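Undergrad: Input sequences plus hints: build the corresponding full structure.
Chains as they are written, first to last, in the working numbering: chain A, 1 to 294; chain B, 1 to 197; chain C, 1 to 380.
These aren't lab readings, by the way, just hints derived from the structure by calculation. Hints may be right or wrong, so weigh each one.
Claimed, not checked - In silico PhoX-like cross-links for lysine-lysine, where the CA-CA straight-line distance does not exceed 20 Å:
#, chain 1, residue 1, chain 2, residue 2
1, A, K259, A, K191
2, C, K209, C, K240
3, A, K276, B, K160
4, A, K17, C, K240
5, A, K191, A, K47
6, B, K179, B, K118
7, A, K248, A, K228
8, A, K282, C, K8
9, A, K47, C, K209
10, B, K118, B, K178
11, C, K209, A, K17
12, A, K279, B, K160
13, C, K362, C, K375
14, C, K359, C, K306
15, A, K47, C, K240
Predicted model, so just to flag it, every value in this text is computed and none were measured.
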Amino acid sequence: MLERAEIVRKEYLRHDKKFPHVWCPGCGNGIVMGALLRAVNGLGLDKDEVVLASGIGCSGRMPTYIDFNTIHTTHGRALTFSTGIKLANPDLTVLTVMGDGDATAIGGNHFIHAARRNINLTAIIVNNATYGMTGGQYSPATPYGSKSTTSVYGHVEHAFNIAELAVAAGASFVARSTVYHATHLEQMITKAIQKRGFSVMEVISNCHVQHGRRNKLGGAVQMINGFKDQSVTVKKAEGMSPEELEGKITIGVLADVDKPISTEEYLRIAGEAKEKADKVTKAKEKNGIKRYEE
Amino acid sequence: MKNEERYEIRFSGSGGQGIITAAVVMADGAGGFDNKHVCQTQSYGPEARGGKSKAEVVISNSPIDYPKALSVDLLLAMNQAACDAYFFDLKPDGLLIVDGGLVQQLPTSRSVSIPFTKIAKEVIGRELVANMVALGAVGFLSGQVALGSLEQALLSRVPKGTENMNSDALHAGIEEAKKIDLDALPRSVLAEWDDEL
Amino acid sequence: MENPEKQKKVLLQGNEAIVAGALAAGCRFFAGYPITPASEISELLSVRLPELGGTFIQMEDEIASMGAVVGASLAGTKSMTATSGPGFSLIQENLGYACITETPCVIVDVMRGGPSTGLATNPSQGDVQMARWGTHGDHPIIVLAVSSVADCFSITVKAFNLSEKYRTPVILLSDEVVAHTRESVVLPEDEQIRVFDRVRPDVPPEWYKPYADNNRGVPDMASFGDGYRHHVTGLVHDEKGYPTQDPQEIDQFLRRIHSKISKGFNEIQVVKTFLMEDAEIFVIAYGSVARSALRAVRDARKAGIKAGLLQLVTLFPFPRKSVDTYLRQCRVAVVPEMNLGQMGREVSRVNQSDCRIVKHNKIDGQLITPDEILKHLTTV
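TA: Laid out in structure tokens, this is it:
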């Protein structure tokens with residue numbers, strides 16, 4: 001692991017960018033970034049052919065530090081940019097990192113439509129149950145009853161189950177892991193990248209500075225250890241009742257289905273359309289303008 | 001102010017009567033095939049069927065500035081409501097053509113009444129192509145488009161498989177229009193004054 | 001002079017001509033969302049782009065459309081979206097992103113009556129100031145307006161060329177009248193069309209600075225996947241593309257992206273003049289209204305009035321120099337608009353002569369007629 005960490009540090013971090021990064025000590029984002037880079041390294045992807053996109057928030061800063069083609073987009077919109085990039089150059093491997101508020105509040109519509117569309121993209125959602133960068137307001141993943149800077153009396157709304165939302169919206173691959181399970185996380189991200197179609201990787205992460213402190217969940221170590229205690233595998237969860245699953249984190253692969261990928265389907269219909277158009281053009285006498293007529 | 005270089009046609013009726021299609025084919029015949037300058041516009045509401053429908057074609061030998069009709073040379077009214085609504089700016093010596101079966105009250109004696117819808121139904125067998133019967137009459141009576149061009153434009157724009165039906169409708173309209181003697185129509189008194197001035 | 005015997009006219013709608021112009025300029029990516037009166041552009045491109053090896057996608061909304069357009073352009077493809085007022089409001093967020101990241105792209109706004117859902121099937125010119133100032137913060141932008149089907153072709157090509165040359169989004173303002181008017185036009189042959197492509201870097205990747213100043217003020221642009229791995233961000237950034245808080249770097253960057261446009265004023269600011277040589281009274285108009293204005297000017301000439309027309313093709317950066325020249329020449333300027341004076345205020349702003357400015361504003365969803373303008377020309 002240490003050897004690989006060294007490779008990751010040397011090969012994948014941007015050394016012309018002035019560190020340190022913006023993340024607080026103990027933040028789960030670093031663990032996600034490490035797992036992501038090890039996964040890319042393990043898959044032997046060429047850095048020139050990888051795009052890392054992000055939205056706004058703490059996770060949004062991740063691309064800044066990594067030596068891929070990187071883009072830090074607007075809040076919630078990362079998947080829309082990724083869609084454009086992938087369609088314009090389908091040879092690129094496009095990874096999108098978002099936070100829970102980023103992906104499922106302001107970007108919720110883009111998220112479900114990306115899943116429905118099934119473009120060959122990988123979305124990694126770092127779910128720390130809060131808006132950390134703006135000071136700890138409640139997000140769509142903040143649990144009922146939790147305290148945040150905008151729910152000081154306790155949160156009266158209910159949280160999204162992000163991975164299940166992705167399943168329902170039609171994602172080809174959905175997995176969940178936590179920042180405690182660094183190796184599992186790397187494996188899951190690897191599978192998500194390998195999967196052809198839209199894949200979603202939800203990573204339960206800690207924001208001890210905002211969410212943890214206000215809800216007496218302890219520091220980084222306690223929170224991350226908590227994820228270990230709360231987690232159950234998909235297999236184990238199958239035999240548990242909804243009551244027993246209350247407060248648990250189900251980790252592993254939640255969906256893995258094969259269906260036509262819209263990027264590839266598009267290339268197919270485009271090829272057919274081109275063939276048909278070429279025939280028509282040849283048939284018509286040399287009249288370059290005719291083709292604009294409807 | 002006279003706009004002698006322009007010839008303006010207004011097609012009117014209700015949504016679903018193919019008013020805009022008729023105007024587009026007219027514009028394509030005169031512009032695309034006869035190489036004249038044409039401008040075709042329409043006004044429409046949010047509904048696809050029903051409601052008033054209006055489309056205009058301006059034809060000129062020089063580039064057209066204002067794209068809509070200024071004073072209409074030929075008004076086609078496919079129902080009474082359209083006739084009432086769009087007659088107001090027909091030139092004094094302009095020509096009104098109406099669907100004789102659907103327009104009973106004529107605002108002027110200088111008008112041509114042909115039962116387009118009835119012809120479409122009885123001769124072609126489809127009421128749907130009344131617009132093309134009317135277009136045939138408009139094409140012939142306006143004298144603004146070569147009838148061959150009009151037919152070519154029609155064939156290039158109607159859905160595949162309906163070419164014969166539409167072209168038959170066009171010819172039925174042309175034939176019916178040939179029976180009309182325009183010179184026999186009364187001229188506007190106003191227009192005579194206009195010429196003297 | 002064109003030879004009408006040789007050049008075949010085709011009957012095209014304004015929206016169709018925009019498609020033809022975009023394709024001729026090399027546009028190969030379109031993302032959009034259905035909206036009246038711009039939908040024909042989407043529909044036609046959904047047919048044409050696949051045939052040409054390009055990409056068409058209908059997104060979940062206009063925010064997403066604009067995100068996809070910027071993404072595709074960063075991946076090296078000339079890209080475009082088309083919308084109308086309500087959608088134009090939504091694209092503003094990522095339009096700002098295109099400005100700060102200097103990403104070329106073209107946004108067509110077919111103006112309809114507003115505010116809000118407004119008048120979906122009626123023309124308007126109500127989005128003019130929004131096109132200039134719609135996205136937040138000081139930002140450079142180029143706004144062009146079309147008035148005919150022929151314009152829809154040639155100005156769309158121009159929009160792409162300026163966008164590529166200056167690495168900036170270009171907004172093309174059409175309106176419901178131009179969009180749906182069919183006219184017989186002669187389109188230029190492909191070889192007659194001048195197409196400008198963005199300048200790509202040729203330095204070794206380790207030397208590449210994606211936002212460094214040069215004599216044009218427009219940095220060379222690498223695409224994702226070209227081997228020039230770099231960072232793109234909506235944060236104010238240094239010349240390598242990394243976020244900066246350094247006041248000097250911030251100031252330098254923001255001034256550069258503005259000055260690159262002002263350096264190109266001569267090329268960017270396009271106007272057309274009709275009968276202006278000896279004009280004593282003139283009309284300043286753009287879009288479909290310019291055609292009513294031309295008719296009015298011709299009619300006024302027939303009545304012995306020395307009238308002329310200054311048609312603005314470029315609305316922003318406001319062609320101050322041309323407007324100023326004629327304000328000094330004439331005693332009255334009539335500014336007819338299908339809004340409550342959005343360009344009229346620009347004219348007033350730059351007026352330093354004794355020229356009287358008469359605004360004619362119409363907001364009933366109908367095109368201004370020649371007679372309405374003529375009335376001003378004959379009475380003032």
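Undergrad: Hints first: check each against the structure and report whether it holds.
TA: Verification of the supplied hints:
1. With a CA separation close to 16 Å, the supplied pair K259 (chain A) and K191 (chain A) stays within the 20 Å bound.
2. Straight-line distance between C-alpha atoms of K209 (chain C) and K240 (chain C) comes to about 5 Å, which keeps the hinted pair within the 20 Å bound.
3. Only pairs whose Cα atoms come within 20 Å are accepted, and K276 (chain A) paired with K160 (chain B) is accepted, the gap being roughly 17 Å.
4. The suggested pairing of K17 (chain A) with K240 (chain C) holds, with an alpha-carbon distance near 9 Å, which does not exceed 20 Å.
5. Under the criterion of a C-alpha separation no larger than 20 Å, the hint pairing K191 (chain A) with K47 (chain A) is consistent with the structure, at around 18 Å.
6. Our distance criterion of 20 Å between C-alpha atoms is met by K179 (chain B) and K118 (chain B), whose separation comes to about 17 Å.
7. Note on K248 (chain A) and K228 (chain A): the hinted pairing holds, with a Cα-Cα distance of about 10 Å set against a maximum of 20 Å.
8. A C-alpha spacing of about 19 Å is found between K282 (chain A) and K8 (chain C), which places the hinted pair at or below 20 Å, so the restraint holds.
9. Simply put, K47 (chain A) and K209 (chain C) have alpha-carbon atoms about 18 Å apart, close enough for the 20 Å limit, and the pair holds.
10. For the suggested pair K118 (chain B) and K178 (chain B), the alpha carbons sit about 18 Å apart, so the restraint of at most 20 Å is met.
11. For the proposed pair K209 (chain C) and K17 (chain A), the alpha carbon gap of about 13 Å is at most 20 Å, so the pair holds.
12. Distance hint between K279 (chain A) and K160 (chain B) is fulfilled; the C-alpha atoms sit about 18 Å from each other, no more than 20 Å.
13. Between K362 (chain C) and K375 (chain C) the alpha-carbon distance is near 14 Å, which keeps this suggested pair within the 20 Å criterion.
14. Taken as a hint, the K359 (chain C) and K306 (chain C) pair is honoured in the structure, with Cα atoms around 19 Å apart against an allowance of 20 Å.
15. Pair hint K47 (chain A) plus K240 (chain C) holds up; C-alpha atoms about 18 Å apart against a cutoff of 20 Å.
Comparing the model with each earlier hint shows no violations; every hint is respected.
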